[in-house]
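*Asks:* Sequence:
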Amino acid sequence: MKIVVSDSEGRFIFEEAPTPQPDGRAVLVRVLATSLNPRDLRMARLRAGYRCGMDFVGVVEHAAGRSGPQAGARVAGILPAGAWAEVLAVPQSGLALVPDGVEPPQAAVLPSAGLTALYTLARGGELLGRKVLVTAAAGGVGRVACRLAHLAGAEVTASARAPQKIADLADVVHAVVGGDPAEAKAHGPFDLILESVGGDSLAAAAKLLAPGGTCVVFGATSGAPTTLDAAELYQNSRTLAGFALFVELNAKPVADGLPRLLRLVADGRLPMPIAQVRSWREANEAAAEMASGAVTGKIVLELD
1 MKIVVSDSEG RFIFEEAPTP QPDGRAVLVR VLATSLNPRD LRMARLRAGY RCGMDFVGVV
61 EHAAGRSGPQ AGARVAGILP AGAWAEVLAV PQSGLALVPD GVEPPQAAVL PSAGLTALYT
121 LARGGELLGR KVLVTAAAGG VGRVACRLAH LAGAEVTASA RAPQKIADLA DVVHAVVGGD
181 PAEAKAHGPF DLILESVGGD SLAAAAKLLA PGGTCVVFGA TSGAPTTLDA AELYQNSRTL
241 AGFALFVELN AKPVADGLPR LLRLVADGRL PMPIAQVRSW REANEAAAEM ASGAVTGKIV
301 LELD
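Counting along the sequence shown from 1, when you hit position 239 you're at 239 in this note's numbering, and nothing is skipped either side.
A few of these clues could be false.
Unchecked claim - The following label-pair restraints were derived from C-beta to C-beta distances:
#: 1; residue 1: LYS252; residue 2: GLU9; range: 32 to 40 Å
#: 2; residue 1: GLY212; residue 2: PRO271; range: 26 to 34 Å
#: 3; residue 1: ARG42; residue 2: THR227; range: 20 to 28 Å
Stated by the list, open to error - No farther apart than 20 Å at their CA atoms in a straight line, the calculated lysine to any residue pairs in the SDA-like style are these:
#: 4; residue 1: LYS2; residue 2: GLU16
#: 5; residue 1: LYS165; residue 2: VAL277
#: 6; residue 1: LYS207; residue 2: GLU232
#: 7; residue 1: LYS2; residue 2: GLU86
#: 8; residue 1: LYS185; residue 2: ALA204
#: 9; residue 1: LYS252; residue 2: GLY125
#: 10; residue 1: LYS185; residue 2: SER237
#: 11; residue 1: LYS185; residue 2: HIS174
#: 12; residue 1: LYS165; residue 2: PRO273
#: 13; residue 1: LYS207; residue 2: GLY179
#: 14; residue 1: LYS165; residue 2: GLU289
#: 15; residue 1: LYS252; residue 2: LEU97
#: 16; residue 1: LYS252; residue 2: ALA241
#: 17; residue 1: LYS165; residue 2: PRO271
None of these hints come from the bench; they were simulated from the model. On a predicted model such as this, the values are computed, not experimentally measured, just so you know. A virtual CB, placed ideally from N, CA and C, is assigned to each residue, including glycine.
Please build the complete structure, drawing on both the sequences and the hints.
*Replies:* Here's what the structure looks like:
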C-alpha cells in the first residue's frame, strides 16, 4: 500500500509499505480522506522518514470483533502519526462511527482540532455564564473552541492577528480583538483562557485571568520564551495548565469524545472550517500554502 513520509528536505513523498492484516485486535480501515495539520509540517522538517498524518476518515474493511464497528461502517479517528496511508490498523477505542449527514471532508478535519478544543475547554469546568478568551482564534482549534464554548453558554472573546479571518464567528463571539490578548482587557477578566501562541501572548493572556481562573496552554507557535510574574498567579489562585492531546487521549479515548463532536456536526451546530479539498498527491502544494498563511481553515486531503 502507499503511505506518505517526509524526505531529508522536509517534503512529503510516497513510499510502499506492507498492508496491515487482520489480527483480531485492531480494526482495518480503508482511508478515504485525511487532513493537513501544522504538526505535519513541523515534524516533516524535523525528521526524515516521518510517517505523516493524524486525522482520518474511512470505511471499515475488517472488524476486530462483534462489539465494535463492522465491515462497511464509516469511521473517523486520530493517530499520533501515520494516518496518511491507504489502510490503517486502529484499536476500537480509537474510532468513532460517522453518522449520516456528515461528509468525509467534515469528519477528516474534526479529530485533532475538535478533541483539543473539547478537552481544553473541559479544564474550565462549568462554562455557563463564564467568560472565555481564545487566542489564535483563526486556527482550526480556535474556531472550534469558540463555537463549543458558545454552545456551552460562555461569553467568548476571540483574539486573532487578522480579525477579518474570523468574521464567520460573529454569531458565536461576544467580542473580537487583534493578536495581542492585552486588547481583550475590557472584556475580561476571564475564567478560562485557551492559549497556543506562547511568548508575549501567553504573558499578556495570563494577566487577564479572573481570580481562580485557568489558562490552558496547548501550543507555542511563536517559538518565543515566556516570562510570567509568579506573584500574579499565586496571589489570585490562578492556574496555568499544560495540555497535550495524546496524553489526554490515554485517559479519554477517541471513542468517548469524538462521537459527541460528530453529532454536533451532523446536527449543523458545529460547522467545520474547511478551506480546501484536494488530492493527497498535492500535499506539498497544500503545505506551502498553509505555511504562507494564505489559507484560512482546514485543508482536506482525499486519497485517490
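*Asks:* Against this structure, judge whether each hint is valid.
*Replies:* Cross-check of the supplied hints:
no., hint, result
1, LYS252 <-> GLU9: 32 to 40 Å, "37 Å, holds"
2, GLY212 <-> PRO271: 26 to 34 Å, "33 Å, holds"
3, ARG42 <-> THR227: 20 to 28 Å, "24 Å, holds"
4, LYS2 <-> GLU16, "5 Å, holds"
5, LYS165 <-> VAL277, "19 Å, holds"
6, LYS207 <-> GLU232, "7 Å, holds"
7, LYS2 <-> GLU86, "6 Å, holds"
8, LYS185 <-> ALA204, "10 Å, holds"
9, LYS252 <-> GLY125, "16 Å, holds"
10, LYS185 <-> SER237, "19 Å, holds"
11, LYS185 <-> HIS174, "13 Å, holds"
12, LYS165 <-> PRO273, "11 Å, holds"
13, LYS207 <-> GLY179, "15 Å, holds"
14, LYS165 <-> GLU289, "16 Å, holds"
15, LYS252 <-> LEU97, "17 Å, holds"
16, LYS252 <-> ALA241, "17 Å, holds"
17, LYS165 <-> PRO271, "15 Å, holds"
This entry satisfies every hint, going by the numbered hints stated previously.
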